[in-house]
Amino acid sequence: MPRLFIAMLTILLGAAVAESARGQDKKMPLAMEELPCTFCHLCENPTPRYLCLRRCPRTSAASIDRKMSLKRGPDLVYLDELENLYLPVPFDHKGHAEMAKMTEGCAVCHHYTPEGAAHPACISCHEVSPKQRDMRKPSLKAAYHRQCMSCHREWSHETACGVCHPPKAGGAKSGVASRRPTKDDIVGKMHPPIPEPHTEIYEPRSKPVPGEKIIFRHKEHIHRFGLKCVDCHREDSCSRCHEKGKEHKQQTRTLAEHHKPCSTCHNVDDKNACDRCHWKEGESKPKPFDHASTGWPLSKQHVELGCRACHKRVPFHKLARKCDACHGDWKPDTFDHAVTGQVLDENHEEADCANCHANRKFDAPPKCDECHDEDDGIAFPAKRPGPEVIPSHRKNDKSTGG
Amino acid sequence: MNTNRRGFLKIAATAGVAAVAGPSDARAAPVRRISDDWLGMLTDISLCIGCRKCEWACRKANELGPPDEPIQDYEDMSVFKHHRRTDAKNYTVVNRYPPATPGGNPVDVKKQCMHCNEPACASACLVAAFRKTPEAPVIYNESVCIGCRYCMVACPFTIPAYSYDDPFTPAIKKCTMCFDRISKEGGIPACAEICPEGAISFGKRKDLIALARDKMRDKPGRYVDHIYGEHEVGGTCWLYISPKPFAELGFPELDTIPRPALTKTFLSAVPLVLIAWPALLMGAHAFTRRQEELGKDDKAKHSEKD
Chain C
1 MPRLFIAMLT
11 ILLGAAVAES
21 ARGQDKKMPL
31 AMEELPCTFC
41 HLCENPTPRY
51 LCLRRCPRTS
61 AASIDRKMSL
71 KRGPDLVYLD
81 ELENLYLPVP
91 FDHKGHAEMA
101 KMTEGCAVCH
111 HYTPEGAAHP
121 ACISCHEVSP
131 KQRDMRKPSL
141 KAAYHRQCMS
151 CHREWSHETA
161 CGVCHPPKAG
171 GAKSGVASRR
181 PTKDDIVGKM
191 HPPIPEPHTE
201 IYEPRSKPVP
211 GEKIIFRHKE
221 HIHRFGLKCV
231 DCHREDSCSR
241 CHEKGKEHKQ
251 QTRTLAEHHK
261 PCSTCHNVDD
271 KNACDRCHWK
281 EGESKPKPFD
291 HASTGWPLSK
301 QHVELGCRAC
311 HKRVPFHKLA
321 RKCDACHGDW
331 KPDTFDHAVT
341 GQVLDENHEE
351 ADCANCHANR
361 KFDAPPKCDE
371 CHDEDDGIAF
381 PAKRPGPEVI
391 PSHRKNDKST
401 GG
Chain A
403 MNTNRRGFLK
413 IAATAGVAAV
423 AGPSDARAAP
433 VRRISDDWLG
443 MLTDISLCIG
453 CRKCEWACRK
463 ANELGPPDEP
473 IQDYEDMSVF
483 KHHRRTDAKN
493 YTVVNRYPPA
503 TPGGNPVDVK
513 KQCMHCNEPA
523 CASACLVAAF
533 RKTPEAPVIY
543 NESVCIGCRY
553 CMVACPFTIP
563 AYSYDDPFTP
573 AIKKCTMCFD
583 RISKEGGIPA
593 CAEICPEGAI
603 SFGKRKDLIA
613 LARDKMRDKP
623 GRYVDHIYGE
633 HEVGGTCWLY
643 ISPKPFAELG
653 FPELDTIPRP
663 ALTKTFLSAV
673 PLVLIAWPAL
683 LMGAHAFTRR
693 QEELGKDDKA
703 KHSEKD
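Top to bottom, those sequences are chains C and A.
Using my numbering, the letters of the first sequence correspond one by one to residues 1 to 402.
Using my numbering, the letters of the second sequence correspond one by one to residues 403 to 708.
It should be emphasised that the hints constitute simulated quantities derived from the structure, not laboratory data.
Incorrect hints may appear among the rest.
Listed next, the in silico PhoX-like pairs over lysine-lysine satisfying Cα-Cα at most 25 Å (straight line) [unchecked claim]:
#1 A/Lys483 to C/Lys131
#2 C/Lys137 to A/Lys617
#3 A/Lys621 to C/Lys137
#4 A/Lys666 to C/Lys131
#5 A/Lys617 to A/Lys646
#6 C/Lys331 to C/Lys285
So that you can see chain C by itself, here it is in the shape it has in the complex (with noise of 0.2 Å):
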């Protein structure tokens, strides 16, 4: 009997210490105690045998507009698993979120981020294998094709690989890019020309001052100040022309908000200038640009160049008023005269440069009555040092010096 009482003892025993044991491997995630039951189960009443549960906990989707700002984001993403069939798939990450801020934000592909963390990558939850453990979750490549197509099917009825996979050069078919698309493409991938506009004149909508005009010349900027698309449609949406049937809702926007694509280079809290873009009907349109106002008159040389040429960056910098701003390396010993369009004769050629540039000031015209004598009727340019060419910089259409 007394055996008989041990040995239920130690069964009782155990069997607590085993209880207690699990009780603590289970405990529930703090996160979960305040989640309502809906979020997970589907029905009012789960039961074990019944859970119904989400498919997805979608949890703190919602939240991952607030944690994660659209600066932080990638620009461009390449998408490179099938390396070795295609080229990588340049994803416009910036501007799907753009289209993505108009619906439901990251979450429309972010679709689930834990807390606390940066958006996993589709490949931790997805597997790679088409033999799904779990055939309620796709596979990776599932995963992708429904994020994309799901919508491009329905903008472009187009379903061949080729049209997000450039397909590896050499199996590359006709008009197919085969080249890896770069950040400065409008979409990453080469975007189709668009026809430019020369001058685009607005009305503004909500009018401060009756009659007024906005002057925007989008070809100067392009071609002579040599500004890319990207430059100034930074915030622009892609469905701004990729959806033109839908009516796009105007957003009311702050003064600041409406100069933004300007005021990268322009200084628009000037209130002088203002009359470099406004103007009223009747009044005069405001004249393009002058390098001349800059108190820096371009030469005949450097009238041709774009803007790029010397002012590197966007937006464009005061550069001294020195040569050697731009021609860095420029050297007496090294230079060779024919870049300006005029080449030295022999009898030129070992002069030194303040003989004929009194003072070294280049932009000014030469004078030759260092050497030679005014009666004899030289004077440039009737009389050249030597004979005229193309200048190299306009052959190309490149910086004559650095």
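Given the structure of chain C, go ahead and fit chain A onto it with the hints provided.
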């Protein structure tokens, strides 16, 4: 011969009852119970983009085309101009139908053998060349086929095709649910593997029905409330869910009676007729002979009396 009139009537009555009762039982209780372990496929028509990669993969897996057939050939969408049927060289075809809503995407439907729970082809086959495997795929044994093509007539989905172009060894050609591939560990049918959209799911039929219901519940309004193949002709192992009514997508509108059950009424009567009919005739013969014998005896008695 010791059959008397009472005995004959007894046999006739039993045969009659059996002839009436037998077939009705066969219709009420299906011969094969649906197994939870059966495999199956689920095509989500709403996901299909009509890329035709499944056609290419199928031909490759079943060696129906040239071995190095370029996949780009299948980007030709002009085939959608005509409604296509499965044939000896294509176990599966994709057809395109008008959008479910005006201006929407066209609806693309992949067509192949439905792998019926109770296959009509197997029932119609005289030599049991068709077999419903325990795993679910309905497969065909070329070596016993006599080429009668009854299966082609019997199939409610008009799937089996005949290799008419092969004069010496013609055979029935149809989808096998990639039986060879799925028999291997981790293998899945070629079409399901290549599908870029994951529109074709492979798994246990029971799980696929649950999956289909979940999809309908998660995305209300995306699908019509019908899992095609759940009950049609007693159920099929290839299932479909669709954003558009199935009748508008070339799916035959079928009842839930398994096709073999329809012929079973007749076929199960055959053995009975073979037993009952000779018995009836023999009984009649015995009866008349006895009458004749009795008549002879009477005559003899009468003549003795005379």
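Checked hints:
1. A/Lys483 to C/Lys131: Roughly 33 Å between the alpha carbons, so the hint for A/Lys483 and C/Lys131 is violated.
2. C/Lys137 to A/Lys617: holds (11 Å)
3. A/Lys621 to C/Lys137: holds (15 Å)
4. A/Lys666 to C/Lys131: violated (39 Å)
5. A/Lys617 to A/Lys646: holds (15 Å)
6. C/Lys331 to C/Lys285: violated (44 Å)
Consistency note: the structure conflicts with the earlier hints numbered 1, 4 and 6.
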